[in-house]
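Could you use the hints to bring the two separately framed chains together as a complex?
Next come the chains, spelled out residue by residue.
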Amino acid sequence: MKLSYIFLTTLLVFVLSTKAAHAYLDPGTGSFILQVVAAGALGGLFALKTFWRQIIDFFQRIFSKKTRKQAPVKKQKNAKK
Amino acid sequence: MPRNNLLSELERSEIPQSGSDDVFKSRGTRGFENRLGASFRDPSGFLFQKEGTLYRQINKSFKENFDLLNSSGLYKKLVDEDLLIPHKEVDKKEAVTSEVYKVIRPKKIPFISYPYEWSFSQLKDATLTTLKIQQLAIEHGMSLRDASAYNIQFLNGKPILIDTLSFEKYEEKPWVAYKQFCQHFLAPLALMSYVDVDLNKLSRVNIDGIPLPLTSKLLPLKTKLKPGLLIHLHLHASSQKRHADKGAGIQTKNIKLSKRSMLGLIDSLEGAVKGLKWNPKGTEWGDYYEGNLNYLPASLRYKANLVEKFISVVKPKTVWDLGGNTGLFSRIASDKGIFTVSSDIDPAAVEKNYRTVVGKGEKNILPLLIDFTNPSPSIGWANKERDSFLDRGPTDVCLALALVHHLAISNNVPLEKLAEFFSSVGKHLIVEFIPKEDSQVQKLLATREDIFPNYTREGFEKSFKTFFNIKKTEIIKGSKRTLYLMVKKGKV
Numbered sequence: 010m011k012l013s014y015i016f017l018t019t020l021l022v023f024v025l026s027t028k029a030a031h032a033y034l035d036p037g038t039g040s041f042i043l044q045v046v047a048a049g050a051l052g053g054l055f056a057l058k059t060f061w062r063q064i065i066d067f068f069q070r071i072f073s074k075k076t077r078k079q080a081p082v083k084k085q086k087n088a089k090k
Numbered sequence: 017m018p019r020n021n022l023l024s025e026l027e028r029s030e031i032p033q034s035g036s037d038d039v040f041k042s043r044g045t046r047g048f049e050n051r052l053g054a055s056f057r058d059p060s061g062f063l064f065q066k067e068g069t070l071y072r073q074i075n076k077s078f079k080e081n082f083d084l085l086n087s088s089g090l091y092k093k094l095v096d097e098d099l100l101i102p103h104k105e106v107d108k109k110e111a112v113t114s115e116v117y118k119v120i121r122p123k124k125i126p127f128i129s130y131p132y133e134w135s136f137s138q139l140k141d142a143t144l145t146t147l148k149i150q151q152l153a154i155e156h157g158m159s160l161r162d163a164s165a166y167n168i169q170f171l172n173g174k175p176i177l178i179d180t181l182s183f184e185k186y187e188e189k190p191w192v193a194y195k196q197f198c199q200h201f202l203a204p205l206a207l208m209s210y211v212d213v214d215l216n217k218l219s220r221v222n223i224d225g226i227p228l229p230l231t232s233k234l235l236p237l238k239t240k241l242k243p244g245l246l247i248h249l250h251l252h253a254s255s256q257k258r259h260a261d262k263g264a265g266i267q268t269k270n271i272k273l274s275k276r277s278m279l280g281l282i283d284s285l286e287g288a289v290k291g292l293k294w295n296p297k298g299t300e301w302g303d304y305y306e307g308n309l310n311y312l313p314a315s316l317r318y319k320a321n322l323v324e325k326f327i328s329v330v331k332p333k334t335v336w337d338l339g340g341n342t343g344l345f346s347r348i349a350s351d352k353g354i355f356t357v358s359s360d361i362d363p364a365a366v367e368k369n370y371r372t373v374v375g376k377g378e379k380n381i382l383p384l385l386i387d388f389t390n391p392s393p394s395i396g397w398a399n400k401e402r403d404s405f406l407d408r409g410p411t412d413v414c415l416a417l418a419l420v421h422h423l424a425i426s427n428n429v430p431l432e433k434l435a436e437f438f439s440s441v442g443k444h445l446i447v448e449f450i451p452k453e454d455s456q457v458q459k460l461l462a463t464r465e466d467i468f469p470n471y472t473r474e475g476f477e478k479s480f481k482t483f484f485n486i487k488k489t490e491i492i493k494g495s496k497r498t499l500y501l502m503v504k505k506g507k508v
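Residue numbers (this note's numbering), protein chains in the order written: chain A, 10 to 90; chain C, 17 to 508.
If we strip away everything but chain C, and leave its shape as in the complex, we get (with noise of 0.2 angstroms):
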C-alpha cells in the first residue's frame, strides 16, 4: 500500500519517518487491532494505528483530566515551550473501542528512540524536562501520573513529553510517580556518573527501570554523602526492602502531602540530577579523526564532497549514519535538512555529539548508542512494547563510512552477510571500502591471524553485488580506499 496515497496534508509538511508499514502490522496483540505493544497499561487511553497515522484514543474515564488540562492552560503552556508534543482532535468515529470520550492526532517523531540508547546528557536532560514539567504542572493544578523515560522522545534536538494523558488533577497527595521517576532516571544517570557509563544498558534489562536495591548496591559509598542520592536512592532501597512484604497492610491512600513538601521534593530530585556529571576522556575513538597516517585532511574532505555528492543524487528524506563517531558525516545530511541518525558504538563520541547538537542548536540529527553487532533488540511485554532498533527502518540512505573493516575483521562477520545487513536497514547504501594495506585494518590486523582472503575491493564487490547494484564507484584521493553509492535490488 503506497504511503503517500494515505498522507494527509498535516503529514506531509512534518519531518517523514523511516519505517514500512509492516512494522506497523506486527505491533499489538490480537483482538486488540493496531494497538502500540507498548500502549496497554493506562485504562484512560491508548495509542493506535490507522491506515498508517497513529492516533491516540482517550477513555470516557479520563474526561475530567483530559478538559482540565486543557482548561487550565497547562496545555498551551507546555507546548509553546516545546515540552509536550501537540496535537489535534479528529473525528470520533476513528474510535477503536466504545469507550472512547476523544480521539486525538498527536505530531508524529521521525525516529522513536528509548533511555537505552541514550548517552549521558541525552538522559540528564530528559529528567531534568520531567522535573519541569511536573514543576508547571503543579503550577497549573495538575500533577504527572507517571514518570517513565519511555515517555519522553527527542525532536528537533530536543526532549519533549509525548504522553499527554500523563497528567492529572493536582491533589495535596504523595505523588505517585516518585518510584518510577527514581528507577527510570535518577539511578541509570547516578550509576553512569559514579560507577560505570555502560551501566546505561541495565535499563533494556529492567522494563521499570533500575531496582533501587542493586542501584544502591552498586553505587560507592562517597554517594551517601551526598543527600540527594542518599534520600532517593539509598534509603529509598532501605525503604523498598524493608516494607516489601507489607503490601496493603499500611492505609496509604488517605495520607496528605502539603504543596510546599511536593515542591521540595522535586527541588530536591532537581538538584541531585544536576549535581551528576559525566565528561568523556579519550576513548578508544575519542582522537579518531586526529593521527590518523593513512587519512591526510585533504582526503578527508575529498572524502566528504563525495558523501554531499552522493546524497543530493539520491534525496533521501532520511538518513541513518552507522558508526557515526562525533557525526561528523552524518552533518553533511542534517545540514540540509535531512533527517539523520547518528549512532556509534561509544558513549563517548555519541556524547560529544549530543553535545555539539545541544550547542548549535540542531534540529535535524539524533545521535544514538547502538553496537551494531548487537543492536537493541524487541523487549517488554511479548517483546512487542519497545521495538528493536532494525524494525524502525529502513531508512532512505545508510551511511556505512569506516564501519566495514570493523565488522569483517574484528567481528569475523563474512562479507556477503554484511550486505544482507545493510540491504535490510536502508534503500540505498554509501559505504566505504577499507583496503588490508590501510593502516586502520593493518592495526585490526595486528594482533590476529590473517583469515580473511576475500577482503579485497574485487571480494567486496561481489558480496556486494548480491544485494545491491553499485551505483557509482570513486576512490578517495590521498588513500587507498574507495567510496561506493549502491541501491538495494528488487523493489525499492
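Isolated chain A (complex conformation) (with noise of 0.2 angstroms):
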C-alpha cells in the first residue's frame, strides 16, 4: 500500500513537472548546451551591434540636417501595401 503511494506520488510529479506537449521537436542536449552557451556572448554582440547602429543613425541625422538646410526637403508618402 505504502509502495504504490510512493509510486503514484513519484509518476504524478514526474507528470506534473513535464513541460506541455507542444514542445514536441526534441532539442537536443549538444544543441542546448552550445545555444546557452553561445546565446549570451551573442546577445552581447547583437546589443553592441544595436548600439553601434543607432550611434551611426544619430550622426547621419545630424549630417544629413546640415544638408538639408541648403536643399528643400521632399516628403515621402509612406507606400502601404
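Quick list of in silico lysine-lysine cross-link-like pairs, BS3-like style, CA-CA up to 27 angstroms:
hint, chain 1, residue 1, chain 2, residue 2
1, C, Lys-297, C, Lys-240
2, C, Lys-272, A, Lys-58
3, A, Lys-58, C, Lys-290
4, C, Lys-189, A, Lys-58
Hints are computed from structural coordinates only; laboratory data are not their basis.
In C-alpha cells, the structure reads:
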C-alpha cells in the first residue's frame, strides 16, 4: 500500500513537471548546451551592434540636417502594402 | 469523381493544382482517415484531405497558442508580408477526431516541392524567410516551435511558411528549433557553398536535415575561421557528439535565455547565412543556347512560336517543362499566367532560372532541380512523408524540348518506354524529335557505338503512337527537328 502510494506520487510529480505537449521537437542535449553557451556572447554582440547602429543613425541624422538646410526637403509618402 | 463538382468558389479562383485524386488516396496510413503522410509528429494538429480539399485540424491542446497567433497580430502581420499561408476557418464538423478545437482551410499551394529539389538561392531565400519569421514572431511575443525546411513552400515565386501551427508563446528559454534549423538550412547551404553544390542531395537521404558531425567533417578548414559557421556548425557538432550519451542527465527545462540572447542568436545565424554564396559558372548546359551550329536564332524563334501555338490550342492550367534549362521556353507558358514547373538536371541552370524569377518578380514559374533518369522518390516514414515527383502529377501539358535524345541515346531508354513515361506525366505532350543528323545528337554518338536503329522519325512516331494520338506535326524551320503536339490515349 505504501509502495504504490510512493509510486503514484512519483509518477504524478513526474507528469506534472513535464512541459506541455507543444514542445514536440526534441531540441537535442548537445544543441541545447551549445546554444546556451553561445547565445550569451552573441546577445552581447547583438546589443553592441544595435547600439553602434543607433550611434551611426544619430550622426547621419545630424549630418543630413546640415545638408537639408541648403536643399528643400521632399516629403516621402509611405507606400502602403 | 470529377473534381470540378467538389471545388468551392474559393478554390476555383485560386491557382489550380495538378494532381489526381488517386494520389490523395494513397497518402496517410490506415486508420488515419485521409491524413497527409507527413502530418503525424505534432500533437497540436494535422493536415487531412476530404473530397479533394485540404484542411488542418487544430487540437484543443493548442487552443492558447492558436488564439495568441491571432490576438497578438502576428498572423495578420505575416500574411500581409506574404510570409505565412492565409487560411479560412471552417465548420468544426469537418474534423477528423474529437480533440478538435478548430478546423481551418489553408490556401492551396499549386505545386509542393522539397528542399532537395531547390537550387542554392531557393534554399537560401527559404532560410532567410524562416529567420525573418522568427524575428517577427518574437516581436509579437511568439516563437517558432520548429524550423523545418519542409514547412516552407514556394508561392507566387517566393518562399512562404505553410505550417500555421508553428508558433508558440515566447518565453525566455532556449530556442527549441535551433538544432533543426542548423541541420535543415545552415548545413546544406554551407556544404553547397564550400564543398559541392550537389551535396544538397544529402537532404533527400536524411529526413531531418544533414547531420552536423558529417557536415563538420566535409567542410574545409577555412570554414572554422568564419565565426558563424564555427559556432553553429563545427562547435555545434562537437557539442552534439560530446553529449550524445547524456540524454536526460542534465536538467535542461529551466534554463533561461534572455530575449537579447535570442535576438543575438538569430542575428548571428542570419549573418552566417547571408555570408554563404554560390555563383554558377558555365557548366555543361550553361552556354546551351550559344554556339549551337544546328540552331540558328531564327529557328529558335520559330520553335518558340510553335510552342506558343500548341499551348494556345490546349489551353492548359498547368505546364511542366522537363529539361527546361534556364526556363526560356517555360516562360512562353508562365508569361501567359499558366502555372509552370520548370525543371532541369543542372543546378546552374536552375539557379539562373530562379534568379530571373526573383529579378523579374515572376509569379507563375517554379524552377526545380530534377533528374528525369532518377526523379525524386517517395521518402520518409513508410515512404509516404514526401511524395515522389511523379506522384505530384499528372500535369495538363508536358513540355519535352531537346530532351528525348538525352534520354534515348545518352541513357539508353527505349523510345517506347519514354512514351510510356511521358503518358504518365501529362495529359498532353509537346515533344521535340531531334534526328541523328543534328549536331547535338552527333555529339552524343561521337564517343559510343550507334546501337539505336529505331532512333528515326518513323521509329519515334511509331513508339509514341502506342500511348498518344499525334495531333500536330511541324518541322522546325532552319533545322531538321520536328515538333509534335500529342494527346494521351484513353481517358484524359
